[in-house]
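From first to last, the protein sequence lines stand for chains Z and D. The end of the first sequence is residue 268 by our numbering, with every number in the run present. The end of the second sequence is residue 252 by our numbering, with every number in the run present.
Just so you know, not all the hints are guaranteed correct.
Claimed, not checked - Only part of the chain Z face toward chain D is listed, based on derived beta-carbon distances under 8 Å:
(1) Val30
(2) Asn31
(3) Asn75
(4) Lys156
(5) Pro159
(6) Pro233
(7) Cys239
Hints were generated in silico from the structure; no laboratory data involved. Cβ coordinates follow ideal geometry from the N, Cα and C atoms, glycine included.
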Amino acid sequence: MIDFCCDIGNYAFREWPVNDAPATMELMADAGIDHAVVGSIDAITYVSPHSANEDLIGDVDINDRHGRLIPYTVLSPVYPGVEDDMEDSKDLGFQGLKLYPNYHGYRVDDPPALRLIEMAASWGWPVIVTVRIEDERHHHPLMKVGPVALDSIIWAARQLPEATIILSAGNSRETPRFLEQTRDLPNVYAELSYVKGPMRALETLVDRFGSERMLLGTHMPFVYPGCGIAKIAEANIPDEAKQNILESNAKRVLGL
Amino acid sequence: MLIDFHAHVHDDDDGRYSDMLVKEARRIGIDYVCISEPVTHSRDSLAVVRSQNDLVFRTYERYPDFFVPLVYTHANLGQAALDEVQKGFDRGARGIKMEVATLITDKCVEPIIEEAIARDVPLMQHTWHKITGNYPFETDAVHCAEIGRRYPELKLVMAHISGDNRWGIRAIRDVPSVYTDCSGSIADYGHIEYCVEQLGADRLLWGTDVRGADYLYTLAKVRDSHLIDEDKAKVLGLNAAKLLHLE
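Given the sequences, and given the hints that come with them, work out the whole structure.
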């Protein structure tokens, strides 16, 4: 299994026991996950995220001897010198870009973000756009961050059809709408960490959209990894669809 | 034994949804499903409350060995609310459900609480703590704690661990008569273990909030937790069976 929604680090608003690469890999092993695309949690709330990327890659380099973690750099397209941070990320061994538009204060359909996505695409890097990181009802009272407007992600994907764009943490309403409105874009995917319902959610999604553009996402360490896996692995859908969502599609995106 | 303590059937006029629910729940190995039908858009309509309860009991009558009905009421409707509860028990209810028509601390709820105590049945109260602001009559965990202290003989179930589970657990941990269910979309890593650590394994009930939630997603947060097997069994069904007087 390959997990497309996993983060490592410390979260500004809550403590948890899984905050480094060794603990993450232990959790992955317990859940049966072979590889995980990982970004830095610290970078989400850093104004200038890149120093958190450097911390993450240090942790991964020291502790991940078998290449189980696939690091993505978290950057803000509107921060001065972000192109240098992109180049540095490439040199450090990052393999993709992860964006949090509403945490870093920009729109993904504005020119700075489009330029960064274009840069990533020119290197063959996939780009993850994260809609939310936790339920909006439970944010810190002084830091209420709304979900990213889905239309902005769809618009960005349409502007840059050569880019591989992955919707992350779209909920049960957003994810089908996103898949519907990007049907003609084969490079556009959705990871399913925030699809938590309704009953038989996966059956409905696979019936409507097939299984080729969906990816496993657990949202570790925010969420029990088993929840994201069970709803796919135990769903009443064909084995081929399960295989696609749990692994094959991710291999294609990652070029494995 | 696997008991979903918190599920809904919604707009199921032709029975197709409940047929699908039964099929999916049985596929997963669930023995009983507790159902109720709250009204969230109106506080004042007895007709709507009756209609929702009628849906629940018709569904129950189609699958009497599988569904466990809770009667729903709006306490602000006074004697009519109590009459509706009593009618519900005549049709097989094993508990009472309340949503967002009143705060559980409102004076008008007292007769409903007393009825639950007299019948020795659970009273399930929808509860959430939202940083975005609760509905005007949406109960918070601190309200449940207050009622638990005032009525220690009441079997009060605070639904959803109040959404923000750390807040909810903290609010009720010193009120041993208050139970909670872990239904809904929240699956924060470690919160099931934390809940059992703080409240004990006898006070947590597994629930889903189907149809809004997915069975497999909500089951995994308890099944795949690090609870010891004995505690998992309590949370997944034994506690509910005891509360509901099920064999």
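Worksheet item: Hint by hint, which ones does the structure fall short of?
Response: Of the numbered hints, 2, 3 and 5 do not hold.
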